[in-house]
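K.L.:
Residue numbers (UniProt numbering), protein chains in the order written: chain A, 1 to 199; chain B, 1 to 199.
Any given hint might turn out to be false.
What the hints assert, rightly or not - Derived Cβ-Cβ restraints for the label pairs, each shown as a range:
no. : chain 1 : residue 1 : chain 2 : residue 2 : range
1   : B       : R35       : A       : A58       : 20 to 28 Å
2   : A       : A171      : B       : R5        : 30 to 38 Å
3   : A       : Y100      : B       : Y182      : 48 to 56 Å
Said to hold, decoys possible - Covered by chain B, according to a simulated footprint, are these stretches of chain A (three or more residues, beta-carbon under 8 Å):
no. : stretch
4   : 13-23
5   : 49-57
As the list claims (entries may be wrong) - According to the in silico footprint, chain B covers these stretches of chain A (three or more CB under 8 Å from chain B):
no. : stretch
6   : 149-158
7   : 171-179
No wet-lab data here; the hints were simulated from the structure. Glycine residues also receive a C-beta, built at the ideal position from the N, C-alpha and C atoms.
There are 2 protein chains.
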Amino acid sequence: MSSSRRLEELIEALRCLPGVGARTAQRMAHHLLERNRDGGRRLAQRLAEAMDGIGNCARCRNFSDTELCSVCTNASRDASLLCVVEMPADQVAIEQATGYRGRYFVLQGRLSPLDGLGPRELGLDLLTERLAEGEVRELIIATNPTVEGEATAHYLAQLARQHGVRPSRLAHGVPLGGELEYIDRGTLAHAFGARQDAG
Amino acid sequence: MSSSRRLEELIEALRCLPGVGARTAQRMAHHLLERNRDGGRRLAQRLAEAMDGIGNCARCRNFSDTELCSVCTNASRDASLLCVVEMPADQVAIEQATGYRGRYFVLQGRLSPLDGLGPRELGLDLLTERLAEGEVRELIIATNPTVEGEATAHYLAQLARQHGVRPSRLAHGVPLGGELEYIDRGTLAHAFGARQDAG
């Protein structure tokens, strides 16, 4: 028996967060109540603002507070480079790791007919318009190296060629800092076959 | 560069949750935005309600929506048994694991002079009043088996005796399902010394 109905409801609501089960939710609720009510209030407000105020950019489909996101409206970005990613988190990873200064297009998924995800659901009509504008010269295809990601990449490469745009893909190979002994066979075979002259 | 300021603020606010770092916060925010905005809205509302609406029971100091919590006002609970725990989570654990039908007192801490936690901060004046009422016959001391928890237990046992109330403590020993080889020496020595006749 719990001493507070509101506490029970909070614990239940916290379980909508990924990776949060009953025990973690309880720990989170107690932590906020005991030590950080201001943090909890701020989180409540920002959650409400985000859930209702964040939509998708009309140009690149990434999360955006406004009709066009801040990356799409940034004039210092190179409009001749367009990098296609599956999810917003992929865009964040590329942005943090690389010095890329071009633009993005976010599929919000990957081609997956069994899940009802076709070209329309991924906004490829929008991407086609974009390629037809003639400003993009290179389409950097950064889908995940999974079966569905590869199929999507293949489709996107064809689309690019149809519009006279050069498609490119991220290089596959041995990750930096990895040990050969522990790298999966497929990656190792690929890296071996695609070996390059030592510099 | 992020595409949404509201998203950045949500990610920062999520880090007030225990065990949530930058990457987990990002994953949580993206998950809610992509798949469960209703869950996010409900969480926002319940957080706000909990942070402002949950106080402490005037009688047992546990979390409560009202002046007296539902355990303290439950007439079917045995008022002659009072179990003292450090934190609300301890009350939940006992409630879930045992068939205990008495009442609770929640210290919201343990005696820790270096942290400025003395008898006053733990509400021991309230507990003293309670013991003086004469209704409690057994004080079950369920503080944690740490140095500070043991010191608190010692203090509470003296307090109980001063009011003619019998103090009791949880049994120490080998946990069920534990393997002797891996149990800490202190516990094993205690369990060995406190051995009982085989039934």
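K.L.:
Among all the numbered hints in the text so far, which are the ones the structure does not match?
P.N.:
Hints 6, 7 contradicted; others consistent.
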